[in-house]
Amino acid sequence: MLLKEFKADLHIHTCLSPCADAQMLPDRIVQQARLKSLDIIGICDHNSTENVLAVKAAGKKTGLLVLGGMEISSQEEVHIMGFFSDDQSLRLMQEVVYKNLPGENKETVFGEQLVADEHGKIIGTNSRLLIGSVNLGLERVVALIKSLGGIAIASHINRQAFGIIGQMGFIPPGLGLDALEVTAEYSLSEIAEYEKYNLPLVKFSDAHFLQDIGSASTVFSLKALEFSEINLALGSVEGRKVKI
Amino acid sequence: MKLKEIVEKLALEVRTKNVALDYDVKRGYASDLLSDVLANANEGDLWITLQVHQNIAAVAGMKGLSGIILINSREPEEATLRKAEDEKIPIMVSKLAAFELTGRLYNLGITGTGNAAKGI
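Those protein sequence lines, which keep their order, are chains A and B.
Following my numbering from start to finish, the first sequence increments by one per residue and tops out at 244.
Following my numbering from start to finish, the second sequence increments by one per residue and tops out at 364.
These aren't lab readings, by the way, just hints derived from the structure by calculation.
Be aware that a few hints might be false.
As the list claims (entries may be wrong) - One side of the interface only, derived from the structure: several residues of chain A facing chain B at Cβ under 10 Å:
| id | residue |
| --- | --- |
| 1 | Glu139 |
| 2 | Ala143 |
| 3 | Ile165 |
| 4 | Gly166 |
| 5 | Ile171 |
Given the structure is predicted, the values throughout are model-derived calculations rather than measurements.
Beta carbons are placed, not taken as given, at the ideal position from N, Cα and C, and that holds for glycine.
Whenever a hint applies, use it, and build me the whole structure from the sequences.
Structure representation (structure tokens):
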């Protein structure tokens, strides 16, 4: 079967993340993603998946592939994105994360945490301290994602704040990550620093506002537009690949 | 001051096994960003941190630090202890918070590393 190129931005926050804009509603995100000619988007709010199903529903008839995940903040304050192929795994990961996430959100300080439906209607708020960190070490977080068949990507490794290299000095050997994410500010001169980890580099937007969606993206060469193919592309299986 | 003496004076609990505490400590460094420690700590510094991940042992080994004190009764992970023992880096636990611990160390004559160079 022939390979086809798909444009992906897998690091998008919704209005559920306290730091994201209230306009990051499921229907608007999908609309903007189509406008930016994206084929695949990933939804990963801080430590929560509560808007994932709404975005998936909003994306359903558009041909857009929506990956459900979350951006977990480990005990070391390292951000790790986890994406899951099915809703059950997503739910299990959510349970573990919530069980290990202390604190309550203070809206006036950190921002609102809105739960929305697929039409962009606000149906609730989340009161947990989503901006906080879980009481789970980095190894545990990655192992949990992998044990549920998920994809684990270290977020914005070229940023000091909450990036794995900034926090930890270097990426611990044998961690089991599937890829390393760089942001739009990444320049090719940094590649030597990351090449040694022998992991694919992906580039996403980390969008917190609608206009940021697709401002950084990665081209995936896949045989079909589905979750399992993403995994295979990160492993460069049978010609599949990623290109930033 | 010998590390052993600091351990006694500040009631630190030593977690590594069979790692000597005879280093003559003169200076310290406090930071929770490991990239910062790699960039700015100096050989022989006693490191104060709340990070418990095994990378602290590797970073301390790479920089030739004299030891690591974990603050606020934070316990090192098992892998961290094993790695620290391999690297011969002593890890100790203090009940004190970073600010208080650093002050106590300063009172014992353990100073920072960068002040003279910055002319402060």
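Verification of the hints:
Interface restraint check for Glu139 of chain A: the shortest CB-CB distance to chain B comes to about 8 Å, inside 10 Å, so the restraint holds. For Ala143 of chain A, the shortest C-beta to C-beta distance to chain B is roughly 12 Å, which exceeds 10 Å, and the interface hint is violated. Because the smallest distance between the Cβ of Ile165 of chain A and any Cβ of chain B comes to about 6 Å, under 10 Å, the interface hint for this residue holds. Given the 10 Å rule on beta carbons, the hint for Gly166 of chain A holds: about 5 Å separates it from the nearest Cβ of chain B.
The closest approach between the C-beta of Ile171 of chain A and any C-beta of chain B is roughly 9 Å, which is under the 10 Å cut-off, so the hint is satisfied.
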